[in-house]
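A.B. asks: Each chain, letter by letter, is given below.
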Amino acid sequence: MTTTSSRPKTPRRLAAVARKTTSRPAPLHRVPLALSIAVLGAALVVVILVAAAVGSVSVSVGDSWQIVWGHLTGSKPDVNPAFDQIVWNFRIPRVLLAALCGAGLAVAGVVLQALVSNPLADPYILGVSAGGSVGAVAVMALGAGALGGLGVSGAAFAGAMLAVALVFLLGQQRGKLNPVRLVLAGVAISYVFTSITSFLQLKTEPNNMRQIMFWLLGSVSGARWEQLQVAGVVVVGTTVLLTLFGRQLNALVTGDESATALGVDVKKLRLVLIVLTSLVAGVLIAVAGGIGFVGLMVPHLVRLSFGVDHRKLLPLAALVGAIYLVIVDLLSRTVDPPNELPLNILTALFGAPFFIWLMRRDRSLAHS
Amino acid sequence: MKLKVAEVSVTIGATPILHDVNLDVAPGEFVGLIGPNGSGKSTLLRTIYRSVRPTTGTVLLGEDDVWSVSARTAARRTAAVLQNSPTPPGLTVHEVAALGRTPHKGMFDRETAEDHEIVVDALSRTGMLGHSDRIYGSLSGGERQRVLLARALAQQPELLVLDEPTNHLDIRARFELLELVHTVGVTTLAVLHDLDLAARSCDRLVVLDGGRIVAAGPVLDALTPAVLSEVFGVTAVTERHEDGIVRVTYGARPLAKAS
Chain F
19 MTTTSSRPKT PRRLAAVARK TTSRPAPLHR VPLALSIAVL GAALVVVILV AAAVGSVSVS
79 VGDSWQIVWG HLTGSKPDVN PAFDQIVWNF RIPRVLLAAL CGAGLAVAGV VLQALVSNPL
139 ADPYILGVSA GGSVGAVAVM ALGAGALGGL GVSGAAFAGA MLAVALVFLL GQQRGKLNPV
199 RLVLAGVAIS YVFTSITSFL QLKTEPNNMR QIMFWLLGSV SGARWEQLQV AGVVVVGTTV
259 LLTLFGRQLN ALVTGDESAT ALGVDVKKLR LVLIVLTSLV AGVLIAVAGG IGFVGLMVPH
319 LVRLSFGVDH RKLLPLAALV GAIYLVIVDL LSRTVDPPNE LPLNILTALF GAPFFIWLMR
379 RDRSLAHS
Chain X
3 MKLKVAEVSV TIGATPILHD VNLDVAPGEF VGLIGPNGSG KSTLLRTIYR SVRPTTGTVL
63 LGEDDVWSVS ARTAARRTAA VLQNSPTPPG LTVHEVAALG RTPHKGMFDR ETAEDHEIVV
123 DALSRTGMLG HSDRIYGSLS GGERQRVLLA RALAQQPELL VLDEPTNHLD IRARFELLEL
183 VHTVGVTTLA VLHDLDLAAR SCDRLVVLDG GRIVAAGPVL DALTPAVLSE VFGVTAVTER
243 HEDGIVRVTY GARPLAKAS
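If you're matching them up, the sequences are chains F and X in order. According to this note's numbering, the residues represented by the first sequence are 19 to 386, in order. According to this note's numbering, the residues represented by the second sequence are 3 to 261, in order.
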């Protein structure tokens, strides 16, 4: 009998191989936060300018930069006034809204995944999307008078907040928030609200359906400068605030007892996190409908690349989410001209295969 | 710093868990808390690291009631190493140990060079400095406990609370960990499952049964054959051997007669 030249893989060696692949920190773990923010920030500016230049009327990226720069500094850009009109009044608000949605949803996703300690959590896990849909669809199906004169946005925000309030009340156990209960309450309330939405859709006139469908699948096509102010303040404000809670979030993911022993008031922290994430998700639902997948995928993507420290994770997730949704929105209006696709059709179609590839390549996601 | 638990009772829902518990730990002492499963050991620890508020009674650390100061202030004095903490995927050893600085930092504070030194020192005292960049989840059980101990040390506590720190560790890792805690020299209250390990490493023992303290004192006074039989249901003796070590020796038929 002869032995083969290569050494057999004993269980010990296999374990050593497995350990090697999972014991390393994320690839960009050591990159300084300021550098990551600078690079991603620059990338965001570039995709915004490109997205503002591309469309049915093509403007060069240089002109789009001149127009934006001109409006920011008050100098008169030397470009065709029609281009100025298209870029500044239509495309830039739209692109900025996409960026805000991507940023806000990614941040809310990071926080909610930590809050309920569940990697499948997304910004809508507490019923925001289902609640928002009922409000918006009720107005679109029954007319503006249906909810006391609220518009689609107002009704969506009201519905979203109602759903979160119900989930929050149902998620308590002996005066404490129980994460498992919270998730189950979110699922149950979402089903109830979704069935109301379905009923409203069935009962409405067929010519309302396209508008409803488009809203449910998310879109930033109706963006105007006035809408951006509220969304901008809320998204930027909550991202900064939540980043300040980063250290406490890091403690929270090691478990309630452990966080308590580290001096974190877990009950108060959960309440603050729920209020802030619901506010972001509710406002974004109101202005852009339910954009899915970004809030689930981007947090994981950023964790896999930069590590899990929330003080880094939150600002970087905001930037990556913004870049991602600007690109998706650009695709949604260019792949099938002159038609526009709702965002949800592309967020997942484009993002999921990439995410699956990343997940299979990096074992640390499964190693939890 | 001196820990004084006075007349503490805990009732959760309608279920009484602890009854009038009194317990003192003197500065520098290593006190073991032992008792069968469900006797209230973990709950007693929780009242000390401020996770469960006593229904009645007080927990004093030094001069202050831990429940009258803020959670953050309390965590700057008391550090805990707990069992069954979920392991967050992706945190490195250094990041886990650095969590110990949490109670020392406000929302707007950044990590300073001093914080970094404290964390590095804690990791080197527990022998984990060479593993700083490894992912915590990839460590062995014994190594994880060392990192959690390093995290506790980074809190610069005056009292260390350990909940079954040697659970699931192999025998050498158990001895290593307890020796490490002794070397660290912080006042310690530890729940220990293994009676022999408790007998040989603690200055004093407190025995909890059904939420009441049934024996307390130096090891040989607390862990008598009567206590071993009535509380733990085993026939055994505790004696100091010639080498000065107290050991628990179980009988030939250790199952005591059913009471």
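FYI, nobody ran anything at the bench for these hints, they're computed from the structure. Every residue gets a Cβ at the ideal spot worked out from N, C-alpha and C, and that includes glycine. Just to be clear, a hint being listed does not mean it is correct.
What the hints assert, rightly or not - Distance condition first, Cα-Cα at most 30 Å in a straight line; then the derived BS3-like pairs of lysine-lysine: (1) F:Lys-221 to X:Lys-4; (2) F:Lys-286 to X:Lys-107; (3) X:Lys-107 to X:Lys-6; (4) X:Lys-6 to F:Lys-221; (5) F:Lys-221 to X:Lys-107; (6) X:Lys-4 to X:Lys-107; (7) X:Lys-4 to F:Lys-94; (8) F:Lys-94 to F:Lys-194; (9) F:Lys-285 to X:Lys-6; (10) F:Lys-94 to X:Lys-6; (11) F:Lys-285 to F:Lys-194.
To be verified - Beta-carbon label-pair distances, calculated as ranges: (12) X:Gly-219 to F:Lys-285: 49 to 55 Å; (13) X:Ala-228 to F:Leu-289: 18 to 24 Å; (14) X:Arg-112 to F:Asn-226: 51 to 57 Å; (15) F:Asn-136 to X:Glu-65: 53 to 59 Å; (16) F:Val-198 to X:Thr-57: 22 to 28 Å; (17) X:Asp-205 to F:Arg-199: 41 to 47 Å; (18) F:Ala-56 to X:His-195: 49 to 55 Å; (19) X:Gly-129 to F:Ala-56: 35 to 41 Å; (20) F:Gln-229 to X:Ile-14: 51 to 57 Å.
A.B. asks: All hints are to be evaluated individually against the structure, with a verdict given for each.
C.D. replies: Structure-based check of each hint:
{"no.": "1", "hint": "F:Lys-221 to X:Lys-4", "in the structure": "violated, 71 Å"}
{"no.": "2", "hint": "F:Lys-286 to X:Lys-107", "in the structure": "holds, 17 Å"}
{"no.": "3", "hint": "X:Lys-107 to X:Lys-6", "in the structure": "holds, 27 Å"}
{"no.": "4", "hint": "X:Lys-6 to F:Lys-221", "in the structure": "violated, 68 Å"}
{"no.": "5", "hint": "F:Lys-221 to X:Lys-107", "in the structure": "violated, 56 Å"}
{"no.": "6", "hint": "X:Lys-4 to X:Lys-107", "in the structure": "holds, 25 Å"}
{"no.": "7", "hint": "X:Lys-4 to F:Lys-94", "in the structure": "violated, 73 Å"}
{"no.": "8", "hint": "F:Lys-94 to F:Lys-194", "in the structure": "violated, 58 Å"}
{"no.": "9", "hint": "F:Lys-285 to X:Lys-6", "in the structure": "holds, 27 Å"}
{"no.": "10", "hint": "F:Lys-94 to X:Lys-6", "in the structure": "violated, 75 Å"}
{"no.": "11", "hint": "F:Lys-285 to F:Lys-194", "in the structure": "holds, 7 Å"}
{"no.": "12", "hint": "X:Gly-219 to F:Lys-285: 49 to 55 Å", "in the structure": "violated, 38 Å"}
{"no.": "13", "hint": "X:Ala-228 to F:Leu-289: 18 to 24 Å", "in the structure": "violated, 50 Å"}
{"no.": "14", "hint": "X:Arg-112 to F:Asn-226: 51 to 57 Å", "in the structure": "holds, 53 Å"}
{"no.": "15", "hint": "F:Asn-136 to X:Glu-65: 53 to 59 Å", "in the structure": "violated, 42 Å"}
{"no.": "16", "hint": "F:Val-198 to X:Thr-57: 22 to 28 Å", "in the structure": "holds, 26 Å"}
{"no.": "17", "hint": "X:Asp-205 to F:Arg-199: 41 to 47 Å", "in the structure": "holds, 43 Å"}
{"no.": "18", "hint": "F:Ala-56 to X:His-195: 49 to 55 Å", "in the structure": "holds, 52 Å"}
{"no.": "19", "hint": "X:Gly-129 to F:Ala-56: 35 to 41 Å", "in the structure": "holds, 38 Å"}
{"no.": "20", "hint": "F:Gln-229 to X:Ile-14: 51 to 57 Å", "in the structure": "holds, 53 Å"}
Of the numbered hints listed earlier, those contradicted by the structure are 1, 4, 5, 7, 8, 10, 12, 13 and 15.
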